[in-house]
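Visitor: The residues making up each chain are set out below.
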Amino acid sequence: MSVLASVSITVNGQVVQALVEPRTSLADFLRNDLGLTGTHLGCEMGVCGACLVLLEDRAVHACLMYAVQAHGLGVETIEGLSERRAIADLQQAFHERNALQCGFCTPGVLVTAYELLSNGACPSRAEIRDALSGNYCRCTGYEAIVDAIGQVARGRAKVPNTPAGCKIGSDTDETVS
Amino acid sequence: MSLSPHKPDSPNALIGRSVARPNAKRLLAGRGRYVTDIQLPRMLHAAFVRSPYAHANIVSIDTSCAATMRGVCLVATGEDLAKLCKPWVGTLDHFAGMKSPPQLPLAVGKVVWAGQAVVAVVAGTRAQAEDAIEHVAIEFEELEPVIDIDAARAIDATLINPDLGSNVAFHAKIESGNVEDAFRDAAAVIEKAYLFGRHTAVTLEPRAIIADYDPTEERLTVHHSTQTPYQFQDLYSRHYGLREARVRVVAPDVGGSFGMKLHVYHEDMAVVGLSIMSGRPVKFVADRIESFVSDIHARDHRIKARIAVEADGIIRGMDVDDVTAVGPFSTYPRTSVVEGNQVVRLIGAPYRFRNYRANLDVVFQNKVQTSQYRAVGHPIAFAVTEALVDSAARKLGIDPFEMRRRNIVTQDMYPYTSPTGYKFERLSHEACLDKLHALMDYPRLRREQAEFRRRGIHRGIGIAMFVEITNPSPAFYGVGGARISAQDGAVVKVTPSGEVHCLISVGEHGQGTETIVGQIIAEQLGIPMDAVRVFTGDTDITPHGGANWACRGAGIGGETALQAGRALKRNLLAVAAIILQARLEDLDMRDGEVVDAATGIPRISLAEIARICYFRSDTLPRDVTPQLSVAHHYSPKGYPFAFTNGVQACHVEVDVETGFVKILKVWVVEDCGRIINPMLVEEQVRGGVVQGLGAAFFEECLYSDNGQLRNGSLADYLVPMAGEMPDIEIAHVETPTLDTELGAKGCGEAGTAAASAAAMNAVNDAIAPLGVSVSQIPMTPQRLLRVLGYA
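Sequence lines, in order, name chains A and B.
Taking our numbering, I'd label the letters of the first sequence as residues 86 to 262.
Taking our numbering, I'd label the letters of the second sequence as residues 6 to 796.
Among the clues, some could well be false.
As the list claims (entries may be wrong) - Cβ-Cβ distance ranges computed for the label pairs, FRET-style:
#1 ARG31(B) - SER203(A): 18 to 28 Å
#2 ASP67(B) - GLU168(A): 27 to 37 Å
#3 GLU181(A) - GLN787(B): 39 to 49 Å
#4 ASP142(A) - ARG616(B): 48 to 58 Å
#5 ASP215(A) - GLU662(B): 46 to 56 Å
For the record, the hints were derived by calculation from the structure and aren't laboratory data.
Cβ atoms here follow ideal geometry from the backbone N, Cα and C, with glycine treated the same way.
The whole structure should be built from the sequences, with the hints applied where relevant.
Guide: In structure tokens:
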């Protein structure tokens, strides 16, 4: 374990060069070596979504990657997304709708939401719930998160905030057809 | 959204408004500071060698190899830590006759559950510590594990704690009225056995602790992901023989707690000792498997219950036998018998029948300890009660709403004492039932259900009433000898620019404590919310208090803030009256100004008062020393608990060929008294409901016959995820408690209290036409198929 590997990773737009143990996960590298503690660890097996970061603008589990695997690539964390104001509308909607409680899952949820909405999509409630299927939140019960993401999707698409506006309706078929 | 009758349009009004949480912004930016994030200079990391056996003697331990490994600073055994740490016993005096053995941080002599920490390794990094634990050699001699409830109580059972003479930790009996007569003449009797599996809290941030002992000052600082820093200040001080004033416990951002993060855990106690031994900060963060095998579990009840009813549906009585298995000992310092005690005391609570009998047996077994987790006992009590009530209604052909209306405790009956001795100041069952009926459009749902059934689709509607214990007085723990406070304290102080700091003993874990405290203080002082800064969770700076358990933050912490704010306001008006040469009673505070109370005309700003008091006290009369900081404590003195109430409804569709259940919708009407922040209350209820739905459909800690936890990972233990969860519609009834000026009761457990009850009733309503029913949670597809005769 004493052999260190040299890595060069662009983290939040800045090139970082470091020597790491090959077994160091990307999540541990970000958290412990770079102090980017907004990336959280909840299960360390790629299930809970707390460690989601962007690798070349795609959401990946930082707990399932070694830091050396990110060599030569670009990583963006919740800190980077916040500072370049890429998710300011999501953060505001989450704040106003109280779409977080303890906040431990929140950075990962925001990464999922960022990716979900990145192609201009305007997903239905069911589609938002489906997209969140890899984000475990023990506090909120998810509804406020779905509300907040839906509101931002409609806002970005400049669709009126009505249920008819953007396929945003009830998840459930409540009526007899 | 506000339903508050608390004059929301009056000047300063903030109580009753859906204010967004100021402290949520940094969490949204990834700037939270959880214990897991904290690194201290020269900090070491602990990892633990754990028992692979549920029950075994420790024959020998060899740590010599591990001690020489790279980065390792310290290896400690149970004997090493026993020299420093006084043992603890998880009993309380008010649970007469209860038994539990002494406990120590690490196993000494034998292990009693698979996953118990045996040896600690402390190294420069967690990875190095984990490398070294592979090289600790422990020889075990396996003993017969006690895994099953009946086996634990058998005459020839292996004893987990031979010194106690049996595997029974506690026994209690309740008898009220005449149960035999009630059942003898009943028009109908329903009798059923109900099973409730073990589940656990699964906070997304696992347990985390950093103990930092400074031998030069004999001072211990513990950063701890906990709900109850004051309780742990007391415990670390007493068990390690440290001066209490030199023990500081800090709870920074806490990544979920739900009752799980207020119990004594062996690793946490060990980490304090390891820091004392090494003289350096030592950190331990449980990984997910460690959380599953060492966090408290909850529930694990087997209940046989029967109900006797008249032909018109009036309940004559209930008779209950609850056996619950808790682990190899009772948890410290709150015990493992509170859940069972609350189950047998809450069963039947919404209803007015008087004949009630309950038997409770709490037994030890070789699994991880169980103790209080969100809604302690309530989900089980109301699942049983409401299943029995629905079964009786079905048998008698009475609609579930009507059945409940005929039996609830009504407005003319308060104050009311239940057959189990709980005192209800005033509940609102009628209003809640009526509101729910309208909210869910019950007649329409029934019409739809009939139509779907004709097409072979099995939809079900379940309703479940609940009462919830909140605002606990010392009757909960203090009377039993626990040093767990039922009061809270606040310090409110004015800054020189006229802003306000509030340091308060209730804590923040995302539920919004700091926000509601800010709302309350700002309203009392007539200042904007953003002029108030609230501090929580640090025993060195916040007054001693109970912090967060049993839904007490809003009701007790909120009242503390209200009274503290009013005391500061009196002081400010007193000095303002002197400066203005006015009469105190003619003045008020609004919009950051002292105003003429009658006209609202500003007279002097709070900032100007502060400036004069702090920098030009020479301009005040000689005998005037303004008090711009106030310390104030409040403890509940009226009813032992402020009970809340409500009713939930669950709408499901059961696929009778696969056993899968789609949860279509949940409705909740709840009454938590004065609502301080409707949005935060509703989000507490939603989160609580989803935890209850998890228990109802997914979550169970599965053990093998030899006591191995079989599903200790987030891939194997199913938690509710966004895709399976429904939207949850919420409405409120407000019945403020008259015990406080604020009138608030708790709301954090209401959602969990009856969600699984409503879900089980809904599933049973869906499958009732098939002549079958389910009486076990979680209601997994496999179990439903078995009930349906397919498996």
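Visitor: None of the hints should be skipped; say for each whether it holds.
Guide: Verification of the supplied hints:
| no. | hint | verdict |
| --- | --- | --- |
| 1 | ARG31(B) - SER203(A): 18 to 28 Å | 24 Å, holds |
| 2 | ASP67(B) - GLU168(A): 27 to 37 Å | 51 Å, violated |
| 3 | GLU181(A) - GLN787(B): 39 to 49 Å | 42 Å, holds |
| 4 | ASP142(A) - ARG616(B): 48 to 58 Å | 53 Å, holds |
| 5 | ASP215(A) - GLU662(B): 46 to 56 Å | 24 Å, violated |
Consistency note: the structure conflicts with the earlier hints numbered 2 and 5.
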